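**Q** Chain by chain, the residues:
2 protein chains.
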Amino acid sequence: MCQRPPLTPLVDALPSTVPFVGPEAQERERGHAFRARIGANESSFGPSPRVIERMAEIAGDMWMYCDPDNHDLKVAVAAHHGVKAENVVVGEGIDGLLSLVARMYVAPGDAVVTSLGAYPTFNFHIAGVGGRLVTVPYENDRESLDGLLAAVRKDKAPLVYLSNPDNPMGSWWEANELIRFIEALPETTMLVLDEAYGELGPASALPPIDISRPNVIRMRTFSKAYGLAGIRCGYAVAEAQVIRDFEKIRNHYGVSRMAQIAGIAEASGLKPLESATNFVTIDCGGDGAFALKVLQGLLSRDVFIRKPMVPVLDRCIRVSVGLDHELDIFAEELPGALAAARGN
Amino acid sequence: MCQRPPLTPLVDALPSTVPFVGPEAQERERGHAFRARIGANESSFGPSPRVIERMAEIAGDMWMYCDPDNHDLKVAVAAHHGVKAENVVVGEGIDGLLSLVARMYVAPGDAVVTSLGAYPTFNFHIAGVGGRLVTVPYENDRESLDGLLAAVRKDKAPLVYLSNPDNPMGSWWEANELIRFIEALPETTMLVLDEAYGELGPASALPPIDISRPNVIRMRTFSKAYGLAGIRCGYAVAEAQVIRDFEKIRNHYGVSRMAQIAGIAEASGLKPLESATNFVTIDCGGDGAFALKVLQGLLSRDVFIRKPMVPVLDRCIRVSVGLDHELDIFAEELPGALAAARGN
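Those protein sequences? They're chains P and U, same order as listed. For what it's worth, the numbering used here labels the leading residue of the first sequence as 12, then goes sequentially. For what it's worth, the numbering used here labels the leading residue of the second sequence as 12, then goes sequentially.
Hint data in this document are derived by calculation from the structure and do not stem from the laboratory. Bear in mind that the values here come from a model prediction, so they are computed numbers and not experimental data. Each residue gets a CB set at the ideal place from its N, CA and C atoms; glycine is no exception. You may find that some hints are simply not true.
[Said to hold, decoys possible] Stretch by stretch, here's where chain U covers chain P in the computed footprint (C-beta under 8 Å, at least three residues):
1) 38-44
2) 71-79
3) 232-242
4) 254-268
5) 298-304
[Unchecked claim] Interface residues of chain U toward chain P, partial, derived using beta-carbon atoms under 7 Å:
6) Tyr116
7) Arg243
8) Asp335
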C-alpha cells in the first residue's frame with residue numbers, strides 16, 4: 012500500500028508527547044522496582060478497609076455493565092456536598108472530565124488560561140482540541156489569581172484552570188480570595204476549579220459550593236484523600252445545565268461498575284467533623300440509634316470509644332487521638348462494627 | 012448573572028440524546044427490578060472464577076494509579092493474538108476507543124459510513140466530532156459489504172464502521188468475504204472492524220490479523236465472551252503507527268488498575284482449540300511440563316481428563332464434552348489446579 016488514512020489536521024499537528032511517565036514505565040526501564048512509591052501523590056495508606064471489602068465482595072458482579080447514568084454514585088456524592096444529583100457528573104478521573112471540558116468550551120484557536128507549571132494533563136487535553144494555551148507565572152509559589160484574571164480578560168479566554176490546593180506546589184488560596192476571583196471573572200469564562208486535593212487542605216480553602224453559578228466547575232476525585240487512584244473515578248459539581256451538557260459527548264459507559272460501587276462506599280461513609288481537640292467526632296451518617304449500634308459493635312470488639320447522647324449530636328461517635336497501634340485496631344474493627352450495625 | 016460560558020458551536024448543536032438507556036434507569040422508573048437481565052448482551056455466566064479471585068485479591072492495591080501505558084495487559088493481549096505490544100491500544104471499552112477514532116479521522120463535515128441500525132454509540136461519537144453519517148441498509152439481516160463500499164467511494168468517507176459478528180442481528184460474514192471487502196477499500200479510508208462478539212462466533216468469521224495494513228483497526232472487548240462488562244476494558248489491534256496516533260489524544264489514565272489486571276488474568280488464560288469432535292483440546296499457554304502439572308492437579312482433585320504427550324501438542328489438555336454437572340466441577344477445580352501449576 013502506498014497511502015494511509017490521514018489524521019485530521021488537528022490531530023496530525025499534535026506532538027507525540029504524553030503528560031506523565033508512570034512509575035511502571037520507569038521501573039521497566041531501570042530493570043528493578045522502586046523501593047518507595049511516593050511520586051504520584053497516591054495514598055500509600057490505601058483505601059478504607061470497608062471499601063476494600065466491598066470491592067472484593069462485588070468482583071463476581073463484574074459481568075454486568077456499569078450504570079451509564081452513575082446514578083447511585085451521583086446521589087451519594089450529591090448528598091455529601093448538599094447538592095442534587097443533577098449537579099454532579101462522574102468521569103474516568105478528573106483527567107477524563109478535563110478532556111470533556113476542553114471539547115465543550117474550546118474551539119480551535121481559542122485562548123485557554125492556566126499557570127505556567129500547573130497540571131500538564133490539562134494542557135494535553137487543551138492541545139487535543141486545538142486550544143491555544145496562555146500561561147501565567149506562579150507568584151510566591153502560588154498561582155497568581157490577579158495574573159490569571161488579567162490573562163483571561165486580555166485574551167478573552169472561554170476557559171481558565173485553577174488548582175486549589177495547588178499541585179505541584181502544595182500551596183492554597185483561602186475561600187474568600189477565591190470568591191473574589193470568581194466574582195471578578197467574565198460571566199462567559201468557565202473556571203475549572205480542580206480540587207483534587209480539596210479534602211486534604213484546610214477547610215477554609217474550600218468556598219461553599221454554589222450551583223446557581225454557571226461558570227464554575229468544581230472537580231473532585233477518589234484518587235487522593237480516598238486512596239482509590241487505581242479505580243479511575245472523579246466527579247464534577249456544577250450548575251445543572253452545565254452538567255447536562257457533559258451528556259452530549261461523554262463516554263456514558265466509561266466508569267467501571269467497580270469504581271461506582273467503591274465510590275458509593277466511600278462517599279456515603281463516615282465523616283469526621285473538624286476538630287480543634289485531642290479527639291475526633293465522627294458522623295456515622297445515620298441517626299442516634301445507628302451510631303449507638305456502631306458504638307456497641309466496637310465495644311463488643313474490645314474497642315472503647317464514647318458517643319454524644321443528645322439528639323442531633325447523637326448521630327456521631329467520638330474517638331480519642333490514641334497511639335498508632337490503638338488507631339490501627341480501631342480501623343481494623345470499624346468495618347465489622349459498621350456492617351453489623353447496618354444488618355449486613 | 013445574565014450570561015453563561017457558551018459551548019463550542021459543534022457541541023452546542025448536538026442533541027441531548029444518549030445512545031442507550033441502561034437497565035438500572037429503567038428499573039428506577041418502573042420502581043422494581045427486572046427478573047431477567049438479558050438485554051445488553053452481558054454474560055450472565057460471569058467472569059472466570061480465577062479472574063474473580065484475582066480482582067478480590069488486588070482490591071487493596073487500588074490506591075495505586077493504573078499503569079498509563081497499560082503495558083502488561085498489552086503484552087498479554089499481543090501474545091494472545093500473535094502481534095507485538097506496539098500493535099495494541101487499550102481503552103475504556105470499545106466505546107472509549109470509538110470516541111478516539113472519531114476524533115482522529117473525522118473532521119467536521121466529513122462523511123462517515125455505517126449501516127442503518129448498527130451500533131448507536133458509534134453514531135453518537137461521530138456526531139460528537141461533527142461528522143456526517145451516511146447509512147446503508149442491511150440486506151438479508153446482514154450488513155451490506157457492497158453497499159458500504161459503494162457509500163465509502165461515493166462520499167469519499169475517511170471512516171467506515173463494520174461489526175462482525177453483527178450487533179443487533181447476530182449475523183456474520185466469513186473471513187474471505189471480509190478480506191475481499193478490506194482489499195477493495197480505498198487506502199485512505201479507515202475501517203473500524205468491531206469484533207466485540209468475535210470470540211463467540213465461528214472462527215471462520217475472523218480474518219487473520221494483518222498489522223501491516225494501516226487502514227484496519229480491529230476492536231475487541233472483555234465485556235462479552237469474558238463476562239467483564241463492568242470493568243470497562245476493550246482494546247484495538249492495528250498497525251503500529253495507527254496505535255501511536257491514539258497516544259496523542261487518549262486519556263492515559265482512563266482504564267482502571269482493576270481492569271488491567273483482570274484483563275491480564277483473562278487474556279493470558281487458557282485457549283481452547285477449535286473442535287470438530289466431542290472433546291475440547293485446551294492450550295494451557297505454557298510447555299508440556301506445565302500442562303502436565305495442570306493435568307495432575309485436576310486428577311488430584313478427582314477430575315479425570317487426558318492430555319496429548321507428543322511435544323508441541325503436549326502444551327494442551329483434553330477435556331471431553333461431559334454432562335453439565337461434570338463441566339461445572341471441571342470449572343470449579345481448574346483455577347486451583349492452574350494456580351498450583353503456576354506455583355502460586
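**Q** Hint by hint, say whether it matches the structure.
**A** Results for each hint:
1. A stretch counts as covered by a chain when three or more of its residues have a beta carbon under 8 Å from one of that chain; for the stretch 38-44 of chain P and chain U the count is 1, and the coverage is violated.
2. With 9 residues having a beta carbon nearer than 8 Å to a beta carbon of chain U, the stretch 71-79 of chain P meets the requirement of three or more and the stated coverage holds.
3. For a cut-off of 8 Å, the count of residues in the stretch 232-242 of chain P with a CB near a CB of chain U stands at 6, and the three-residue condition holds.
4. Residues of the stretch 254-268 of chain P lying with their CB closer than 8 Å to a CB of chain U number 12, which satisfies the three-residue condition for coverage.
5. Interface restraint, the stretch 298-304 of chain P with chain U: violated (0 residues with C-beta to C-beta distance below 8 Å; minimum three).
6. For Tyr116 (chain U), the suggested interface contact is upheld, since its CB lies about 6 Å from the closest CB of chain P, less than 7 Å.
7. A hinted interface residue such as Arg243 (chain U) counts as satisfied when its beta carbon comes closer than 7 Å to some beta carbon of chain P; here the least separation is about 5 Å, so the hint holds.
8. The interface hint given for Asp335 (chain U) is violated, since its Cβ lies 19 Å from the closest Cβ of chain P, which is over the 7 Å cut-off.
Violated hints, in rising order: 1, 5, 8; the structure is consistent with all others.
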